[in-house]
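Visitor: The task is simple: from the sequences and hints, build the whole structure.
Listed in order, the protein sequences are those of chains E and Y.
Heads up, the first sequence is in my numbering, so the first residue is 133 and it goes up one at a time.
Heads up, the second sequence is in my numbering, so the first residue is 340 and it goes up one at a time.
Just so you know, these hints were derived from the structure itself, not from any lab.
Hints are supplied without guarantee of correctness; some may be wrong.
For lysine-lysine, the following DSS-like pairs were computed, each having C-alpha atoms within a straight-line distance of at most 30 Å [as the list claims (entries may be wrong)]: (1) Y:503 to E:257; (2) E:300 to Y:389; (3) E:319 to Y:705.
Note that the structure is a prediction, hence the values are computed from the model and not measured.
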Amino acid sequence: MEKFVTLHGLVAPLDRMNVDTDQIIPKQFLKRIERTGYADALFYDWRFLADGKTPNPDFELNAPRYQGASILLARDNFGCGSSREHAPWALHDYGFRCILAPSFADIFYNNCFNNGLLPIRLDGKIVDKLFHEVRACEGYALDVNLPDQTIATPSGEVISFEIGAFLKERLLNGWDQIALTLRHEDKILAYERARGII
Amino acid sequence: MAKNIYEKIWEAHVVYEQPGQDSILYIDRHYVHEVTSPQAFEGLRLAGRKVRRPDMTFATMDHNIPTTDRSKPITDALSRKQVETLRNNCREFGIRCFDITDTRNGIVHVIGPELGLTQPGMTVVCGDSHTATHGALGALAFGIGTSEVEHVLATQTLLQRKSKTMQICVNGTLAPGITAKDVILAIIGKIGANGGTGYVVEYTGDVIRNFSMEGRLTICNMSIEAGARAGLVSPDDTTFAYLKGREYIPKDKAWETLISEWSAWASDPGCGYDRTVELNGADIEPQVTWGTSPEMVAPISGHVPHLSEITDADRRAAAARALEYMGLAEGTPITDIPVNKVFIGSCTNGRLEDLRDAARVVQGYKVDSSIDQALVVPGSQQVKLEAEREGLDKIFREAGFEWRESGCSMCLAMNDDRLNPGDRCAATSNRNFEGRQGKGGRTHLVSPAMAAAAAVKGHFVDIRRWAYK
Chain E
133 MEKFVTLHGL
143 VAPLDRMNVD
153 TDQIIPKQFL
163 KRIERTGYAD
173 ALFYDWRFLA
183 DGKTPNPDFE
193 LNAPRYQGAS
203 ILLARDNFGC
213 GSSREHAPWA
223 LHDYGFRCIL
233 APSFADIFYN
243 NCFNNGLLPI
253 RLDGKIVDKL
263 FHEVRACEGY
273 ALDVNLPDQT
283 IATPSGEVIS
293 FEIGAFLKER
303 LLNGWDQIAL
313 TLRHEDKILA
323 YERARGII
Chain Y
340 MAKNIYEKIW
350 EAHVVYEQPG
360 QDSILYIDRH
370 YVHEVTSPQA
380 FEGLRLAGRK
390 VRRPDMTFAT
400 MDHNIPTTDR
410 SKPITDALSR
420 KQVETLRNNC
430 REFGIRCFDI
440 TDTRNGIVHV
450 IGPELGLTQP
460 GMTVVCGDSH
470 TATHGALGAL
480 AFGIGTSEVE
490 HVLATQTLLQ
500 RKSKTMQICV
510 NGTLAPGITA
520 KDVILAIIGK
530 IGANGGTGYV
540 VEYTGDVIRN
550 FSMEGRLTIC
560 NMSIEAGARA
570 GLVSPDDTTF
580 AYLKGREYIP
590 KDKAWETLIS
600 EWSAWASDPG
610 CGYDRTVELN
620 GADIEPQVTW
630 GTSPEMVAPI
640 SGHVPHLSEI
650 TDADRRAAAA
660 RALEYMGLAE
670 GTPITDIPVN
680 KVFIGSCTNG
690 RLEDLRDAAR
700 VVQGYKVDSS
710 IDQALVVPGS
720 QQVKLEAERE
730 GLDKIFREAG
740 FEWRESGCSM
750 CLAMNDDRLN
760 PGDRCAATSN
770 RNFEGRQGKG
780 GRTHLVSPAM
790 AAAAAVKGHF
800 VDIRRWAYK
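Guide: Here it is, written out as structure tokens:
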């Protein structure tokens, strides 16, 4: 899996709470059996007009100033709803590597770590401030440092964030979860024997 | 020390507790469907891995399948390929698959309990957020992503952090006509769409105890709509009576032994929770969602909110967007909202009791002329067969409903059953998200009886005052 250590990236705002995974990637794109190629499907119903091709000029992410963004600034309960891992796949394929929000849905949050995406929970007031700064300043970029658990703003302010030690370690090393668990295969076998299910 | 059901199941399934890392948790049942599994099987192939416990893994096709004639091939090429891919993967990896033509086929969260595959004290996962449904049987059940599906296939375990626990206690007496769907919508309205984030919920109280297993399945199903990955009900006599005689109940143990083993999973008296929320059942009216998140819900006697009533700025902005999408004016009485489509079905409300509730309402009535389509989609083929045995299909057909084969259908519109832009639907499913039932479609979540009544009247009505024929 792709590692995440540090990131200097342009920030794009998505100022809506409860953004569900049906919005992140609508159902018609879930029929594919591949793991990549979802960039054009991201926020499809919001991003494009009814013809499915013309970018919707009213959708904030379509603004020229946010093209090439790798950090998404979002609101409460980002990624709620369906467990579809196509959501982090689409965000990743589009170019996002980090998402900042006051809260994330649990399944989406876990899915991010299996795809080299870093979701960061920040206090709602800090998120408000970042929304204000992003809109006020074209080219607004942040420096995310996972080892230090910090985000540095253009003005030099440093915001620290919390993350589980194990999740952090997995992203920093790009570990394959299955390989990690299979190091303990003997314990799985012992568990199955102890419960009499083998 | 007194323990709650989550703590008991968790402790019994920890394979290895790694200092400073996530625990390795053993999984007893892994359900697989066609949409979230192809990439997981492909991952196994690429890494040269096998399915560790095909005997604990069960597959079905539900999301993509047509609800019309099953003897015909699926016309949508992508859907067909996804279904064929699951079939081939099951064959290659030795997994039991309840295929389209199998009488046990159905929505994964309907057939798991129905076949007795889900049992008290089990850990149950599926690449599907509504896996929470199975918690009704006293199992720890939650949805996972495709990478985790691959992990479970390869290792029969998951890396997990222990959740916090929340007790949601509903006491009191429900008014006649109030169903489990109204109770869970009222709960979501109270705690919010992320009120349960980070928690596993246990539902307790007289109202939950008095629900049938079907009702409990509806409650647990929508735990995820409040942000909780899992929702459980401690097993009791209702649970055991439901499970008795089902196909996958162990035959090598005496029934009394099974009951005593299952009973032991129930929360101990006096156990603790990180948070407790209480509701009075007597206060719960029929519920109707008016917006694009399940937390945007109002009682039937209520109205679409005025934006000025919403104090939180983010919630007000969300409500303004929702009203625009839903084409609703502030302050509209809920009973003034007309619908032109009705969908009865889904893993939330596609079981026999749900269909009986709806049939009782429509019996002797006709679907209103303003309704363009009224669909009944049973949750499984077994539900369909039982409903037909009881003659429910005739009641629905005579009233003007379409009676379909089972599947996820218009809950998420991956097959041909979908809303057109501007359609307004009374739906018994679980999500009123923008475009969920079809791009531009507008969804109002309600109970089966409320959906049936809306089909007859063409708008929402208070089911407590229904004139049953």
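Visitor: Indicate, hint by hint, whether the structure satisfies it.
Guide: Results for each hint:
Proposed proximity of residue 503 of chain Y and residue 257 of chain E is supported: the alpha carbons are some 25 Å apart, at most 30 Å. With a CA separation close to 28 Å, the supplied pair residue 300 of chain E and residue 389 of chain Y stays within the 30 Å bound. For the hint pairing residue 319 of chain E with residue 705 of chain Y, the CA-to-CA distance comes to about 61 Å; that exceeds 30 Å, so the pair is violated.
Figure legend: structure checked against the earlier numbered hints; the only hint not met is number 3.
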